[in-house]
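Those protein sequence lines, which keep their order, are chains A and B. Just so you know, we're using this note's numbering here: the first sequence kicks off at 1 and counts up by one. Just so you know, we're using this note's numbering here: the second sequence kicks off at 1001 and counts up by one.
Keep in mind that the hints were calculated from the coordinates and are not lab data. Each hint should be verified, as a subset may be incorrect.
What the hints assert, rightly or not - Incomplete in silico selection of chain A near chain B, CB under 7 Å: (1) Glu-128; (2) Leu-147; (3) Glu-181; (4) Ser-210.
Said to hold, decoys possible - Partial list, computed: chain A residues near chain B (C-beta under 7 Å): (5) Asn-115; (6) Leu-136; (7) Asn-146; (8) Ser-160.
Just so you know, even glycine gets a beta-carbon here, dropped at the ideal spot from N, CA and C.
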Amino acid sequence: MLTDAQTTSMAGMGQRAPGDEAPVVEVEGVRTRLGGRWVHDGVSFAVPRGQVAALIGGSGTGKTVLLREIVGLERPTEGRVRLFGEDLAAVTPARLNALRRRFGLLFQDGALFSNLSVAENVAAPVQERLRLSRELMCELVNLRLNLVGLPPETALKRPSELSGGMRKRAALARALALEPELLFLDEPTAGLDPIGGRDFDRTLRVLADSLGLTVLLTTHDLDTLYDLVDRVIVLHEGRVIADGPVEAVAQTEHEWIRSYFMSRQTG
Amino acid sequence: MSVVPSCPPDGLTQADGAEPTTLQRETAPRHCWLTTEDDGAVLHLTGQWVLDHLPELDAALKQQRIDPLRPLTLDGSRLGRLDSAGANRLIAHLEGLGLPFPNLRLSGFNPQAETLIRLVACRRSACAGPPLRRRGMRHALGWHVFKLGRAVVSGLAFIGQTGQAVAELMARPALLRTRELTVQMEMVGLRAIPIIVLMNWLIGVVFAYLLGIQVQKFGANVFVVDGVGLAITRELAPLITAVLVAGRSGAAFTAHLGAMKVNQEIDAIAVLGLSPWQVLVLPRILAIVLMLPLLTAVADVAGILGAALVADWHLGVTPTTFFDRLQERLPMQTVVFGLVKAPVFALAIGLIACHNGFAVQRDARSVGLNTTATVVYSIVAVILIDAAFAVAYPEIK
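With the rest of the complex left out, here is chain A:
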């Protein structure tokens, strides 16, 4: 639980003064050695507030590992990761947890708590933070489920009773529960049908615009890149080989990038 002082200071930080702040996410010269090979060999980029950025790259290029390093679940072998301007290697565990309350993470397969219903999953982060009456909590849970497009009858189901796409939406509702400033999404549209995927992208776009939400996602979905994303960061063989708006990246002369963007026309 947060003390009052912490909550107030966090609310204060949440006030978005434009232009006077460090990037929300900053990755600086990250190198990671896994299984005897350098998965990342000097990756650097920064995501400013309000931007929706996508990490793309072939399977095994370490997108998910990088995301785990950014949220502090793993440590890079070398290099530095800063969240909200704070170096993750230097913060205390308590400070790290305070930082973690300011972002939401959508895991690849949802990672919903299997002993709770969908509604309880969405309510869980809120219950840890503040005491709400039953009515307010119900209303809040309903809102979250509606925002991510889950039908109300799913609220009482357990995660094991949901389809893959539904589980993903429920997980997004949980990630949004505390009104995060920053959202990490690991493969958000994988497992959704194309219509649901585009709808999901639009919801994220509107939330990002209206909440000033910063989003960093990994994806394989070309449509997501064109619909949702402001900026694409391409990882290849441990390095960032292209970084910019999707149209510019698509024009880059690189074999992997060309075949990636060609896959839509031919496929």
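Following the hints, complete the assembly by docking chain B onto the known chain A.
Just chain B now, with coordinates in the frame of chain A:
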């Protein structure tokens, strides 16, 4: 609209006919207050309309006397921060009063806040029913009765299917998965020997020591052999061994099969055209039925060795005397009786463990629940079966 005061004067709430209490005067202006204009009422919003302040926002809204019959304008010109939880509370409250969102006018909001309000208004559903349900007494009772009934039916079905698999195996012995069977025999039998020996040796030591104190009072030291031999071979060794195996191998069966179920591996076996019973269940049940009597025999030896040690040290009964008297006083029948119980215990443990493994739902929680259930039920079953044997063959030679 143009005549909006820069700060909320106290008198303004009275203009609406509301009686301002001290509470209202203190809290209401913090988040919202109401003014009347020529073309209807205006609800001015101020401060932080965010999740952290939700209870106060709710209270502040409930204090406003909003007339649903007059047009209402929302003024966001002094609004600090707005998030979806705050926007939702506002819209829900007004809707509850009979002022649906399309009838509201918005003024002075920054574009970001206005997009957010419109998104929330368009996505939220009026009343989706309570998503957090509390279970009543009747509901809980019915649920448990239904669950018990289902468990009985599925247990019987499991026994039936296992019986059918055994019949198939007898008709076609080639179906036997010898590799899996030997692996399981090693896991259940061989690897359990150290713990079984240690536990039963200790039980033998303790039992001989306590019994020794009693027989010493009568100077009948050598009678410790009669008591120890009977107790260990007939009751203690079979029971302790079965309980240990239930906790060790029973839990392992359930956890392994349950994790395979979660991973859809059992479905994969079925889709390959194999029977999960032949591949998974029968090797485990056969292994435990074959190994438990052997482990019990090991346990008998370990327990008696422990007792012989104490008899030598504590009671002055030399090993030669001890084993001579054991030969004389412990009939083979008693030892066999203890060993005959073992496969029956084993069958119960194996059936319970495999059934609970197959009954796992597709989530992590039920693996834990079913593993616990396996250990509890199989120990209960072992003790009940033991009681039935004791009643059926009460004579002790």
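Tested hints:
1. Contact between A:Glu-128 and chain B, as hinted, is not supported at the beta carbon level, the nearest pair being about 12 Å apart and thus beyond 7 Å.
2. Taking 7 Å as the C-beta contact cut-off toward chain B, the hint placing A:Leu-147 at the interface holds, the least distance being around 5 Å.
3. Because the closest C-beta pair between A:Glu-181 and chain B is about 10 Å apart, greater than 7 Å, the hint is violated.
4. Because the closest C-beta pair between A:Ser-210 and chain B is about 4 Å apart, less than 7 Å, the hint holds.
5. Here the hint on A:Asn-115 is kept, as its CB sits about 4 Å from the closest CB of chain B, short of 7 Å.
6. The restraint placing A:Leu-136 at the interface with chain B holds, with a minimum CB-CB distance near 6 Å, inside the 7 Å limit.
7. The closest approach between the C-beta of A:Asn-146 and any C-beta of chain B is roughly 5 Å, which is under the 7 Å cut-off, so the hint is satisfied.
8. For A:Ser-160, the shortest C-beta to C-beta distance to chain B is roughly 4 Å, which falls under 7 Å, so the interface hint holds.
Of the numbered hints listed earlier, those contradicted by the structure are 1, 3.
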